[in-house]
Amino acid sequence: GENVEQHPSTLSVQEGDSAVIKCTYSDSASNYFPWYKQELGKRPQLIIDIRSNVGEKKDQRIAVTLNKTAKHFSLHITETQPEDSAVYFCAAIGGSYIPTFGRGTSLIVHP
Amino acid sequence: NAGVMQNPRHLVRRRGQEARLRCSPMKGHSHVYWYRQLPEEGLKFMVYLQKENIIDESGMPKERFSAEFPKEGPSILRIQQVVRGDSAAYFCASSPMETDTQYFGPGTRLTVL
Numbered sequence: 013g014e015n016v017e018q019h020p021s022t023l024s025v026q027e028g029d030s031a032v033i034k035c036t037y038s039d040s041a042s043n044y045f046p047w048y049k050q051e052l053g054k055r056p057q058l059i060i061d062i063r064s065n066v067g068e069k070k071d072q073r074i075a076v077t078l079n080k081t082a083k084h085f086s087l088h089i090t091e092t093q094p095e096d097s098a099v100y101f102c103a104a105i106g107g108s109y110i111p112t113f114g115r116g117t118s119l120i121v122h123p
Numbered sequence: 089n090a091g092v093m094q095n096p097r098h099l100v101r102r103r104g105q106e107a108r109l110r111c112s113p114m115k116g117h118s119h120v121y122w123y124r125q126l127p128e129e130g131l132k133f134m135v136y137l138q139k140e141n142i143i144d145e146s147g148m149p150k151e152r153f154s155a156e157f158p159k160e161g162p163s164i165l166r167i168q169q170v171v172r173g174d175s176a177a178y179f180c181a182s183s184p185m186e187t188d189t190q191y192f193g194p195g196t197r198l199t200v201l
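Protein chains in written order, with our numbering: chain A, 13 to 123; chain B, 89 to 201.
Treat the hints as calculated values from the structure; they're not laboratory data.
A hint or two may mislead.
Derived pair list, reagent style EDC-like, types lysine to aspartate or glutamate, alpha-carbon separation capped at 16 Å [what the hints assert, rightly or not]:
(1) K34(A) x E17(A)
(2) K54(A) x E129(B)
(3) K80(A) x D29(A)
(4) K80(A) x E68(A)
(5) K132(B) x D174(B)
(6) K132(B) x E17(A)
(7) K70(A) x E91(A)
(8) K54(A) x E128(B)
(9) K83(A) x E14(A)
(10) K80(A) x D39(A)
(11) K139(B) x E128(B)
(12) K132(B) x E14(A)
Label-pair restraints from in silico Cβ distances [claimed, not checked]:
(13) L201(B) x S40(A): 26 to 32 Å
(14) G53(A) x I142(B): 26 to 32 Å
(15) I120(A) x R152(B): 18 to 24 Å
(16) S154(B) x K83(A): 31 to 37 Å
(17) E106(B) x E17(A): 33 to 39 Å
Chain B stretches covered by chain A per the calculated footprint, using a threshold of three residues with CB under 8 Å from any CB of chain A [what the hints assert, rightly or not]:
(18) 161-175
(19) 189-199
Don't be surprised by glycine CBs; every beta carbon is placed ideally from N, CA and C.
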């Protein structure tokens, strides 16, 4: 089955800095890679996603890059703000539509 | 345009009782997924259902756990004879038929005393 590794498990940055979270996957058949943000006690919310026919996607301060050859994808957040503090999960999905999630990255943005 | 709904939001049960968790997908979504999340851990897939069909239940324990998504009404995750290890947050997500983008409900936090 699919295996998704996510790093780092904790990331602490100063407000205004950039944050990068990386994920690797094992199944070359995976073709859809969403990122979710989960605040404490809340539901996971989709923040950005990328499909395997695209190398990069950007939405304001958030971007995701995908390297299919190396089987890794990354989340980039620029100009971080305290409200970006949350746990971020990556996931990889193939033809079965069953996502495999990473273990999460706790992002802390210090004012 | 209501999102995915789950109830109850919090559920307390004593060991040996039954827990019933309900999930109403977004309007127009016919695919439902259930996940379990332990504190400070990721989301673990349990079961994937379409209306009146279980498509994939590979993540669900073989005993005490069952799920259904009837033609009418919400999807239900049932846990019989609960044990303390069942305490967790249970999330459901739904997706439209033709895409694989999933949208999550607010979760049910189950506590077994």
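Against the structure, the hints come out as follows:
no.	hint	in the structure
1	K34(A) x E17(A)	holds (8 Å)
2	K54(A) x E129(B)	holds (14 Å)
3	K80(A) x D29(A)	violated (27 Å)
4	K80(A) x E68(A)	holds (11 Å)
5	K132(B) x D174(B)	holds (13 Å)
6	K132(B) x E17(A)	holds (14 Å)
7	K70(A) x E91(A)	holds (14 Å)
8	K54(A) x E128(B)	holds (13 Å)
9	K83(A) x E14(A)	holds (12 Å)
10	K80(A) x D39(A)	holds (10 Å)
11	K139(B) x E128(B)	violated (32 Å)
12	K132(B) x E14(A)	holds (13 Å)
13	L201(B) x S40(A): 26 to 32 Å	violated (46 Å)
14	G53(A) x I142(B): 26 to 32 Å	holds (30 Å)
15	I120(A) x R152(B): 18 to 24 Å	violated (38 Å)
16	S154(B) x K83(A): 31 to 37 Å	holds (35 Å)
17	E106(B) x E17(A): 33 to 39 Å	holds (37 Å)
18	161-175	violated (count 0)
19	189-199	holds (count 7)
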